[in-house]
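Visitor: Residue strings, one per chain:
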Amino acid sequence: MSAPSRATAGSDIGAAVKDALLAGVIALGLFGPLVGLRTEQNMRNEVVLELHWVTVAVIVGIVVVGRFLLRTVIWPALADRKLRDRPAAGEPGALRQTVGRFLPPAGLVFLIVYPALMLSLFGLQGSLKWVDNFGIQILIYVMLGWGLNIVVGLAGLLDLGYVAFYAVGAYAYALLATHFGLSFWLLLPLAGILAALWGIILGFPVLRLRGDYLAIVTLAFGEIIRLVLINFRELTNGSAGISSIPKVTLFGLYSFDVSAPNNFAKSFGLPMSGTHYKIFLYYLILALALLTAFVTIRLRRLPIGRAWEALREDEIACRSLGINTTITKLTAFAIGAMFGGFAGSFFAARQGFVSPESFIFMESAIIVAIVVLGGMGSLIGVAVAAVAMIGGSEMLRELTFLKAVFGNDFNPDQFRMLIFGLAMVSIMIWRPRGFVSARQPTVFLTERRAISGSLVKEGHG
Amino acid sequence: MEIFLQQLINGVTLGSIYGLIAIGYTMVFGIIGMVNFSHGDVFMVSAFFALIFFLLFMTILGIGTPIIALLLAMILAMVLTGLLSWTIERVAYRPLRGSFRLAPLISAIGMSIVLSNFIQVAQGPRNKPVPPMVNGTIDLMERDGFAVTVSYKQIIIVLVTAVLLAAFWYVVQKTPLGRAQRACEQDRKMAALLGVNVDRTISLTFVMGASLAAVAGSMYLMYYGVVHFADGFVPGVKAFTAAVLGGIGSLPGAVLGGLLIGLIETFWSGYFSIDYKDVAAFSILAIVLIFMPQGILGRPEVEKV
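For the protein sequence lines, the chains are D and U, in the order given. To convert a position in the first sequence, counted from 1, into our numbering, add 26. To convert a position in the second sequence, counted from 1, into our numbering, add 3.
You can take every hint at face value.
Under the rule of at most 25 Å between Cα atoms (straight-line distance), these lysine to any residue pairs were calculated in the SDA-like manner:
| no. | chain 1 | residue 1 | chain 2 | residue 2 |
| --- | --- | --- | --- | --- |
| 1 | U | K192 | D | D340 |
| 2 | D | K44 | U | N200 |
| 3 | D | K155 | D | G378 |
| 4 | D | K155 | D | E383 |
| 5 | D | K44 | D | V90 |
| 6 | U | K192 | D | I455 |
| 7 | U | K156 | D | V74 |
| 8 | U | K280 | D | I386 |
| 9 | U | K280 | D | S265 |
| 10 | D | K155 | D | L134 |
| 11 | D | K108 | U | S102 |
| 12 | U | K156 | U | N138 |
| 13 | U | K280 | D | N257 |
| 14 | U | K280 | D | F387 |
| 15 | U | K280 | D | V254 |
| 16 | D | K108 | U | F103 |
| 17 | U | K192 | U | G36 |
| 18 | U | K156 | D | E72 |
| 19 | D | K44 | U | W89 |
| 20 | U | K280 | U | I299 |
| 21 | D | K44 | U | D202 |
| 22 | D | K108 | U | G101 |
Derived list of chain D stretches under chain U, where covered just means 3 residues or more per stretch with a C-beta under 8 Å from a C-beta of chain U:
| no. | region |
| --- | --- |
| 23 | 58-67 |
| 24 | 71-83 |
| 25 | 225-234 |
| 26 | 237-250 |
| 27 | 391-398 |
| 28 | 449-460 |
Treat the hints as calculated values from the structure; they're not laboratory data. Keep in mind that this is a model prediction, so the values were computed, not measured. We put the beta carbon where it would ideally sit given N, CA and C, even for glycine.
Working from the sequences, and respecting the hints, build out all of it.
Guide: Below, the structure written as structure tokens:
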């Protein structure tokens, strides 16, 4: 009884060793030239090769050991767990249900007290980084994710050019505020309307397209808008961008400009600091993001929201039932774009500077990745994905202790996007349905129940 | 007339490069219905392979003739880019086959980020210029001081493209591998039932597409004499446009589309404005997809319930 099993185990180890060595050879072939022979410019600006064999040896070693462990330890363990968990599949566990119920209110409370928490922990200047780089940055992406979620998650229209609407909103605020001195509170809705208009203009020609084709055309539109922003120098100042965009005021009552007579800190006798403005911006983007979430939740219960979800599941059935797919698609594009426009004008006000560099395709890809990784259609999932991806990649900037390990010229910042990309691929393989894979139908018979994501075509429905 | 001829020559050269990349898109789309988003970056990595081996041969191994060094570098780049693409397919796409529609696309976008940033980390963020590999031009005609010239580089590019396309055409049309590929394209399940190793065929499709992209990468390096880690995106999108324009899934269509995109781009820069040449390419992509989604040589897609 034990002899054959030991024999198979032995051949398993043998196969795993062979497999690991093969992986090592492949790694050597790929990393050998690309890492081992680094092209560098010398004094005469000629490209010469520099040898880095130690790095290659380390990488190949990691690949061999990693592959061996994967074969002998990790895969069998995963297979065991899958076997054990089989009966529970299809129904989300009780723990997850509880977490799902308590996470939103707990998260909301945390978000509201977050700036105060950071202030008490790190002081006025120390908290700046935490509120700005982490709080505001993540919330912008949460809002963009929730906005795009309406288009991708609810209506099932894959939009790879969402950043175009973000750009429209940002440039609308930047241009109108610098040329006409209009206030943020007037321009915020205007930027949203302009972006929605662009959503309709760009949405109209692509009504007949679906799936990958739609994705590529929207990508093309996004790039066209960026290229026009670069080349239409008379209006947009080209690649140099628009600078000294006015700050947001506290509803026109108090200003955050240092020189203004009604400066916020001066009026209240507080110490002068940039942190006040950042905390104000934090609550502003939090409010905008919550508005997006609120509108999404309410729209899902309206006929138009149900039409979106029906469209996502089956367009032909949808049309057969008399739903006007043109209107349905255009409203999804317009409302998604409107929130992108809001976020854009906030972005312009926060940065004080916009240039086409901020609206490259990579931004669209990141937003789509957040929506898909979060579990399309799930607001909580999108928020979790934004925290993980954006917060995680901001965290990498902070890893200065690695300098002690790898020497002083080691810069963790340059690995940021590399790790971001690797995380995208691995999360997709680990959970193709995203973080939140349970779905809650809006329409149900007698009892509301979450179902597995694999039962619906895609998204939250 | 002279400008027209000159732009025609430049356009055909550029179009050959786009056509070679476009084949990779069209084959993968044909066989598994996926837009291989990282293909443009695979092309960029292949140009780096060619650059590294070219320098290795010229400076360290001491091969004196640039042409021979380039040819050897191109062959090595083809092999290693094929290996790279095989690995990517194995790691990032195969586990997602049969998953929901967006999963492979997101994985491919992630892979594209990984490739370009990996090259940035491993090879540095600066432009990489190479010494001119092939010099010399032939004057075809001259009138009013404007000479129409064709450079040896351009001749090499068009020749290499033509030879490789012929070889590739032979593989797809006449060999068992090509038959298996065409079978998988028509009906993967049926092909599997009839004994075609579907997984292996798909892997080899990725390898073939990547090898042709490596040829394009080497030619790109020779033609422009410089390569940069972010150079994959725009040629990638243009090659995808070419594949769509020619009719995605159709191999002659990819080459035809590549030539058309190359010609449109050079004529646009020659006669209108060089600033908006990328806008022209992207607009064509949008217009073709909206009004003629099946492309020039593609089959119309029938929507079934």
